[in-house]
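Chemist: Given next are the chains, with one letter for each unit.
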Amino acid sequence: MSEGRGDVVLEAVDLVKHFPVKHGLFQPARHVHALDGVSFALKRGETLAIVGESGCGKSTLAKCLMRLDEPTGGRVVLLGDDITHLAKGALRGLRRHMQIVFQDPYASLNPRWSIGSIVADPIRLHEKVSRDERRRRVAELLETVGLDPGFADRHPHELSGGQRQRVAIARALAVNPSVIICDEPVSALDVSIQAQVINLLKRLQARLGIAYLFISHNLALVEHISDRIAVMYLGQVVELADTRSMRRELLHPYSKALFSAAPVADPDASARRTRIILTGDVPSPVDPPGGCRFRTRCPWKQDRCAAESPALRAVGDRLVRCHFAGDAGFPAPVS
Amino acid sequence: MNPLRAFWRRFRNNRAAVGGLVALAAVVALAIAGPMLYPVDPFDMVGQPSVPPGGEQVLGTDVAGRDVLAGLIHGGRVSLLIGFMASLAATLVGLVLGAVAGYYGGRIDDLIMRTTEFFLTIPSFVLAVVLVAIFSPTILNITVAIAVVSWPSVARLARAEFLAHRDREYVQGCRAIGMPDREIILLQILPNALPPVIVVSSLMVATAILTESGLSFLGLGDPNQVSWGYMIGVARSVLRTAWWMAAIPGAMIVVTVLAINLVGEGLNDALNPRLKQR
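If you're matching them up, the sequences are chains A and B in order.
Sequential numbering from 1 applies to the first sequence in my numbering.
Sequential numbering from 1 applies to the second sequence in my numbering.
These aren't lab readings, by the way, just hints derived from the structure by calculation.
We treat Cβ as the ideally placed atom computed from N, Cα and C, and that holds for glycine.
Just to be clear, a hint being listed does not mean it is correct.
Said to hold, decoys possible - Using 20 Å as the maximum straight-line C-alpha spacing, the simulated SDA-like pairs for lysine to any residue come out as follows: (1) A:Lys88 to A:His126; (2) A:Lys22 to B:Asp109; (3) A:Lys88 to B:Glu183.
What the hints assert, rightly or not - Pair ranges (Cβ atoms, derived): (4) A:Gly55 to B:Arg114: 30 to 36 Å; (5) B:Trp8 to A:Ile277: 57 to 63 Å; (6) B:Phe119 to A:Arg30: 34 to 40 Å; (7) B:Leu120 to A:Ser284: 37 to 43 Å; (8) B:Ala160 to A:Gly80: 41 to 47 Å; (9) A:Leu312 to B:Ala164: 19 to 25 Å; (10) B:Leu4 to A:Ser284: 46 to 52 Å; (11) A:Arg131 to B:Phe119: 40 to 46 Å; (12) A:Ser114 to B:Val18: 28 to 34 Å; (13) A:Gly326 to B:Ala160: 53 to 59 Å.
Excised from the complex, chain A in its bound form (with noise of 0.2 Å):
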């Protein structure tokens, strides 16, 4: 696959969101950083994970990038097209080539209506066509994702979590989309119907060439799905590679913090890798600490931490926000 601009889908330039916060009346106002210059461009068929604790951004990132909030400031480019400031209406035609699938399929699904006219809805606002030819490509959609076309009829109190996330699934792809954000799809989800899922989605995948977005925080998932893993602190991107190299090693001390807290279902495995415990807890998004904002909780931090501020910037084949990343020794193994 060539590395051309073409080639990218989806682009966030210095996403910025701040959500303002309620204040006393003589009070200044205050507002959360939700998120704080998140850049990346996602490239056709690929599948970009962004991971993170709660809290740090993730979901405020889907909302802004499908334009269900309104982003701080900042670019979205979909397929060239910047949507960052596009009014409803024209912004209306673009939706097609981006979908998304929630976490909750118990929440993203109107009890109200049949599984038919939920998938069907999108084919219905975004083409003309007669109803009899909206039918067979539900029914078409419905045994893509693995359901009984039969399954139209009903309605989403009758499916289980697994099957109404396929619903979801389905509706996204129903207007072929170039974009799926996937906001954490199989979190709601049972262990044993994960995978069902999780295949799903890279069959999708490697038939229809769409480019994941995929949001999680389940870290053995993100290394099984992902081309390219983003690791998010406090509304920033901290690190940026690819799977493979983060596999290898992990720069930014925030990353191998994360990553040696995910559970191996090897014991032996388990028992020989060195776990870094962070102390303290996430600081408040309303006053991110100035300097590095990991710094309240970095078991490396020097004086420099506290006094400015990395800029994410490339190391060897990644991008890191980190003063220290890339000189030899660090990080120090921590006793």
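Got chain A sorted already, so can you dock chain B onto it with the hints?
Modeler: Chain B only, in chain A's frame:
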């Protein structure tokens, strides 16, 4: 399972609600079919004034010698018509305003909700009296006046429902596929927001009937129409000598309002089954 059938099964389990429904159906049937079965003009003087029930006129006559039964039947038409129409109008207005305020939020929400609160701060019966006194007391004006004082509670409820649903994932999913706001509000959120609104507006019918009776009692009813409140108002002066004259239409109001309340409660339990189990 057919949701309508499930709803009916839950409703049927509530005996009080079924009783209320039967009583309400009887009152409605009386109001609709009564004038044909008992074709007596309620304004005609058919006998001596203040005849007690049990004579030639089954329910006696009022102070002007008019047939009480005829008044009861014709009055029921007016009371029920105004009650249902005012409640329907108030529900529609309240739903539209509440939906817009809740879904869009921001300034339009502020504007609508401050207006709603303005109406809520005025005692509703006094406002209804003022409105009917300013405009002429016709059935239409009375209906409008009652609707005007009733919509704010629906608007507040509808706003709360739409606000709660606006950020649910299924709504965001609809926005993500480019569904127009109008369709999201009417076809996606409304069916989910409707049950509590139906309950409130069914109970509002009872309030509307009481308000209409109060207006007629004060002489602010439509002068060309008999209504239950008007009959009580007329009977007020002879309450000590002919108590039945006020008691009979009074009982009709009590039965109707009670029946509507029971049906409303039954709707509440049947439409929000999870609440009942708590």
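Chemist: Could you work out which earlier hints the structure fails to respect and list their numbers in ascending sequence?
Modeler: 9
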